[in-house]
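Peer 1: What follows is the residue order along each chain.
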Amino acid sequence: MNDCPISIIVMQSSVRGAGQQTLMNHDAEHVPTLARRAGRETALMDLITDSLVIGLTEHAPLILAAMGFALLYRLTGLLNVAYSETITLGAYLGMWVNTTYGLNFYAIVLPAGILAGLISVATYFAIFRPAKNRNVGVLEMIIISFGLSILLRHGLQFIFGYPVRFYNVPPPNTIFVLGVGVSSFRLLALGSVLVLALLLFWFIQRTTFGLQIRALATDEDLAQVSGIRPLAVTVLIWFLAGVAGGLAGAFYGVGSSVAPLLGWRQFLLILLVVLVGGAKNIGGVIIAGIVTGVALTAMTLQFGQVLWAQLVLIAAFVIILKVRGRRMADTGKV
Amino acid sequence: MNLDWLDAFLVSGLFYVMMVIGLALLLHLQLGLARIANFGVVGFWGIGMYAFGVLFVKVDWPFGEVWAFLISVVFGTVVAGLAGLLVGWLIADLDIDGVLVGTLGFATAVWILATTEQDLTGGALGMGGLGFPYDIGSVKANETLWLVILTILVAIILYYVSRVHKSPYGRLLISIGDNEPLARSLGKAPFQTKLWLFAVSSAGMGLLGAMYGVNERFLETGNLGIDITLAAMVGLVLGSTTRMWGAAVGVALTVGLFDVVIQFYLPLPREWYTQAIPVLREMVFGGVLIIVLLFRPYGVLGDMRRDKLMRRMHGG
Numbered sequence: 001m002n003d004c005p006i007s008i009i010v011m012q013s014s015v016r017g018a019g020q021q022t023l024m025n026h027d028a029e030h031v032p033t034l035a036r037r038a039g040r041e042t043a044l045m046d047l048i049t050d051s052l053v054i055g056l057t058e059h060a061p062l063i064l065a066a067m068g069f070a071l072l073y074r075l076t077g078l079l080n081v082a083y084s085e086t087i088t089l090g091a092y093l094g095m096w097v098n099t100t101y102g103l104n105f106y107a108i109v110l111p112a113g114i115l116a117g118l119i120s121v122a123t124y125f126a127i128f129r130p131a132k133n134r135n136v137g138v139l140e141m142i143i144i145s146f147g148l149s150i151l152l153r154h155g156l157q158f159i160f161g162y163p164v165r166f167y168n169v170p171p172p173n174t175i176f177v178l179g180v181g182v183s184s185f186r187l188l189a190l191g192s193v194l195v196l197a198l199l200l201f202w203f204i205q206r207t208t209f210g211l212q213i214r215a216l217a218t219d220e221d222l223a224q225v226s227g228i229r230p231l232a233v234t235v236l237i238w239f240l241a242g243v244a245g246g247l248a249g250a251f252y253g254v255g256s257s258v259a260p261l262l263g264w265r266q267f268l269l270i271l272l273v274v275l276v277g278g279a280k281n282i283g284g285v286i287i288a289g290i291v292t293g294v295a296l297t298a299m300t301l302q303f304g305q306v307l308w309a310q311l312v313l314i315a316a317f318v319i320i321l322k323v324r325g326r327r328m329a330d331t332g333k334v
Numbered sequence: 001m002n003l004d005w006l007d008a009f010l011v012s013g014l015f016y017v018m019m020v021i022g023l024a025l026l027l028h029l030q031l032g033l034a035r036i037a038n039f040g041v042v043g044f045w046g047i048g049m050y051a052f053g054v055l056f057v058k059v060d061w062p063f064g065e066v067w068a069f070l071i072s073v074v075f076g077t078v079v080a081g082l083a084g085l086l087v088g089w090l091i092a093d094l095d096i097d098g099v100l101v102g103t104l105g106f107a108t109a110v111w112i113l114a115t116t117e118q119d120l121t122g123g124a125l126g127m128g129g130l131g132f133p134y135d136i137g138s139v140k141a142n143e144t145l146w147l148v149i150l151t152i153l154v155a156i157i158l159y160y161v162s163r164v165h166k167s168p169y170g171r172l173l174i175s176i177g178d179n180e181p182l183a184r185s186l187g188k189a190p191f192q193t194k195l196w197l198f199a200v201s202s203a204g205m206g207l208l209g210a211m212y213g214v215n216e217r218f219l220e221t222g223n224l225g226i227d228i229t230l231a232a233m234v235g236l237v238l239g240s241t242t243r244m245w246g247a248a249v250g251v252a253l254t255v256g257l258f259d260v261v262i263q264f265y266l267p268l269p270r271e272w273y274t275q276a277i278p279v280l281r282e283m284v285f286g287g288v289l290i291i292v293l294l295f296r297p298y299g300v301l302g303d304m305r306r307d308k309l310m311r312r313m314h315g316g
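Heads up: the protein sequence lines correspond to chains A and B, in order.
Under our numbering, the residues of the first sequence are numbered 1 to 334, in order.
Under our numbering, the residues of the second sequence are numbered 1 to 316, in order.
Keep in mind that the hints are not guaranteed to be accurate.
As the list claims (entries may be wrong) - Capping the alpha-carbon separation at 16 Å, the derived lysine to aspartate or glutamate pairs in EDC-like fashion look like this:
(1) Lys322(A) with Asp95(B)
(2) Lys140(B) with Asp4(B)
(3) Lys140(B) with Glu216(B)
(4) Lys58(B) with Asp119(B)
(5) Lys322(A) with Glu271(B)
Derived by calculation from the structure, the hints in this document are not laboratory data.
In this text the structure is predicted, and so the values were computed from the model without any measurement.
Bound conformation, chain B alone:
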């Protein structure tokens, strides 16, 4: 396949944008519907990435690489899901302050483990040995196919989120987010509902982390900073925390603008890209969070639209 027309850096930029859209969609379920402020997105993403990487690289697999790869991906996803279950159990009945501490603490714990367990993770030096489960020719072709696979995965997440919006489970999440004591008084089980939500969405974040690790072919603790959480959160807040398409629109307008448009299409001096642009990018992201929540709290797309059933019930 001739991919000369395609810039390799553009593929990498688009991969990052697509991955953040996936994370923002999962965060939308937590923050937008159930109003759980997960400030530790990077922790679930990172534990999936490292669990996948460690199993794939460190185990002497007796069978083919494709199977080893698939088992490792499933392992990374399951570990992230179990971590979500544990953190969810810790925070599900706590107030916002407790949720902030629990999620931030979990992200820090993942970073500490990745840094200190050098025999497994390579510590601060990082860990190589990861690769695609196929080889269709050039590196660019492999990366492009991986971008296509990620896009399909994100489309599946989007479909799942749309199903949640239309389901009784989604309405339960919204009611818990709006008024948890009321939901409890109506016989619902907010704790279990939040636990399940946290486990599933965390598993999704872990899967996205594993896919990122494959694309990078190298795991380093520098990836476990606040940037990933910030990118997902700012995209979601700008788009709309409560609308399904908010994640995609917001991430495209923020991460897409900086990591694709400015990186590839603006003729800026080369040295700006290494220092000034990344710093400006984070400043703008921080500023966007403040301005949007002050002046347009429901983001670009506005507040949640009720589904057909609800509109009929309320005469809308």
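Just chain A, same shape as in the assembly:
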């Protein structure tokens, strides 16, 4: 089993509807020029439609996870490698509640997210807060989160066993969107992203807690003397980020299978989306997530090889980071 931090996505739930065959299959020599051009245009339109629909529905959990990661990163300044395990935890917890209590998927999504959020808070109190109190440096903090990631991943393997696990759910309904069939679970994931994005935007921009979060992220000392309780706000952020990661994990898990490397395979993409999208702005992260999902799908459909698409994307993102330059002060709040 490889354990590279990248996803291997099988687009199993997306099929083009009947009657959408393109002219590409016809013998080109016998097709008049106009018809060929029309055929090319139809093929291009099909590619765009397929990429948009499949990209958005297939990669909705990626956007969800990236939003949670960005929230945490914005407040704490920490690239928490263990966030990949928050995603895996969501998948495992959802699967456990689903298979143990026989509840359907729609009933377990929220509990899985909340449990993942609580565990996220527990890791803050058990590890990251003591580390902050001991003035552990930023680099060391990332290595600590790397250690926690390894510990949790193999701990999950120890508890839930070695074989890959599956949700016990009936086959999802296939719903056609612009002629492309997508599963109802993936549509739910997309709906959750939309709802959560709106909620987060409202919460951060319009509520008192949101104002406190922004203040704390900008200047912790000033926020403290202004009467803001950093601990309460920080705990809330860790919880919300955990919930987002847990929900993403549950959606990933029900769409394919549950394995200890589930979250780790998504981690590099999440990291790239957040750093390129700009963690200061949730909107930028959402746009970067959407572009990533659509571009991955378009390249996969063109190359016929998902790994090549990912390779191109990684290279493009690293070059963007290089060109843009990321020279931040060596400080972190956690």
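Fit chain B to the supplied structure of chain A, relying on the hints for placement.
Peer 2: Coordinates of chain B only, in the frame set by chain A:
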């Protein structure tokens, strides 16, 4: 040579420990001195292994196997060094986040290339056809000699690291790691220094990868996981990221404990070794990283000792 007293699995375990010590020593230069967090050690190690393997196996060499072997080893080392140069150029002026993405992304790219380029690498099925450049009798004898050669190589790396510690170049690395803007303001060139460091240490990692490929005689993409990076990093952190001997002590206490002592000397049920022990090993490694950095951030050996010149200057 009669090697009946020597367990073949023990030779294999010791080879792995020695190789990780070599990787941890090179990581010490990057992480301990220049404070570059290379999370893609496996990428440089793997590209050296595959570049060596592909050239050695796929090319129809017109001359003897020994020369083909040596040229392939040099090729693997150079390719890893050039990869280090490229990745170093990408990340040398980025912050820690950029370094994490760049190195992790490179390791992933190597894995993707090894998996997708099936004609060259055999993809997920793997690639055989590798072997030792000599034959002194039994397989065990060949492997033991290869372990001796690796030990000599690691000793050379250790010597190189000790020279770096005592040289102006080493002090420059430390100053860049401590305060890069200050080093730049004093007329130093952090970018070029980091680039050179990355190229040389990556070439060393590639050479160790090629040597591992020879010992295994079979290359598979399963080797390109996070385990190698984790083993080198946990050993270095436990020993001491800033001390030269930290890598050797830390790896002996972690990888040595699991891959030699527990594997060969503890009478545990056989089925534990296939599933439970490897999982526990990784859990312990993860836990060690957390505990050491929380409670003893400079590891077992403690913080860096200044060399004689520095102690005299500072009256130590």
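Peer 1: Holds or violated: are the alpha carbons of Lys322(A) and Asp95(B) at most 16 Å from each other?
Peer 2: Roughly 10 Å separates the two Cα atoms, so the pair holds.
Peer 1: Given the hint that Lys58(B) pairs with Asp119(B), test it: the Cα-Cα distance must not exceed 16 Å.
Peer 2: At roughly 10 Å apart (the allowed maximum being 16 Å), Asp119(B) and Lys58(B) satisfy the hint.
Peer 1: Is it true that the CA of Lys140(B) sits at most 16 Å from the CA of Asp4(B)?
Peer 2: holds, 9 Å
Peer 1: Does the structure keep Lys140(B) and Glu216(B) at a Cα separation of 16 Å or less?
Peer 2: Since the Cα atoms of Lys140(B) and Glu216(B) sit roughly 13 Å apart, the hinted pair holds (cutoff 16 Å).
Peer 1: Need the status of pair Lys322(A), Glu271(B): alpha-carbon distance at most 16 Å?
Peer 2: violated, 48 Å
Consistency note: the structure conflicts with earlier hint 5 alone.
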